[in-house]
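**Q** Sequence:
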Amino acid sequence: METVPNLRDHKRSVEMGSVNVELPWQLPIIRGIHYLKILCREYVIDRIQWLSISILLCQQQ
109 METVPNLRDH KRSVEMGSVN VELPWQLPII RGIHYLKILC REYVIDRIQW LSISILLCQQ
169 Q
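For the sequence shown, the positions run 109 to 169 when the numbering used here is used.
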């Protein structure tokens, strides 16, 4: 009989978006990896934009 409220609580926690309740220690690691991915993507985009701008400037001269 105890499985019914547990399932209901689990469903409620999933609806609230706290799916990773079982592994709270992994959240900072996942967040760090996500943050690093964003940083790398922004850095690469900055490099590409800087390269394209410098190429355009070289073509104009």
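Bear in mind the hints are in silico, worked out from the structure with no lab data behind them. Each residue gets a CB set at the ideal place from its N, CA and C atoms; glycine is no exception. One or more of the hints may lead you astray.
[Stated by the list, open to error] Each pair of labels, with its calculated beta carbon distance range:
| no. | residue 1 | residue 2 | range |
| --- | --- | --- | --- |
| 1 | Arg139 | Gln168 | 26 to 32 Å |
| 2 | Ile137 | Cys166 | 28 to 34 Å |
| 3 | Ile163 | Tyr143 | 40 to 46 Å |
| 4 | Leu164 | Leu144 | 26 to 32 Å |
| 5 | Ile156 | Pro136 | 28 to 34 Å |
| 6 | Leu135 | Leu164 | 40 to 46 Å |
| 7 | Gln168 | Leu147 | 39 to 45 Å |
| 8 | Ile141 | Ile161 | 28 to 34 Å |
| 9 | Gln167 | Ile146 | 27 to 33 Å |
| 10 | Ile137 | Leu159 | 38 to 44 Å |
| 11 | Gly140 | Gln168 | 38 to 44 Å |
| 12 | Leu135 | Gln169 | 29 to 35 Å |
**Q** Could you run down the list of hints and mark each one as holding or not?
**A** Hint-by-hint comparison with the structure:
Between Arg139 and Gln168 the CB atoms are about 43 Å apart, so this pair departs from the stated range of 26 to 32 Å. Our hint of 28 to 34 Å for Ile137 and Cys166 is violated, since their Cβ atoms are close to 43 Å apart. In this structure the supplied range 40 to 46 Å is violated for Ile163 paired with Tyr143, their Cβ-Cβ distance being about 30 Å. In this structure the hint that Leu164 and Leu144 lie 26 to 32 Å apart at CB holds, the actual value being about 30 Å.
Range check, Ile156 to Pro136: Cβ separation about 30 Å, and the 28 to 34 Å hint holds. Against the hinted window of 40 to 46 Å, the Cβ-Cβ separation of Leu135 and Leu164 comes to about 43 Å, which satisfies the hint. Look at Gln168 against Leu147: about 32 Å separates their beta carbons, and that is not inside 39 to 45 Å. Ile141 and Ile161 have their C-beta atoms about 30 Å apart, which keeps the hinted 28 to 34 Å range intact.
The given range of 27 to 33 Å is respected by Gln167 and Ile146, whose C-beta atoms sit roughly 32 Å from each other. A beta carbon spacing of about 33 Å between Ile137 and Leu159 contradicts the range 38 to 44 Å that was offered as a hint. Checked against the hint of 38 to 44 Å, the pair Gly140 and Gln168 passes, with Cβ atoms roughly 42 Å apart. Between Leu135 and Gln169, the C-beta spacing of about 51 Å breaks the proposed range 29 to 35 Å.
Violation of the numbered hints given earlier is confined to hints 1, 2, 3, 7, 10, 12; the remaining hints are satisfied by the structure.
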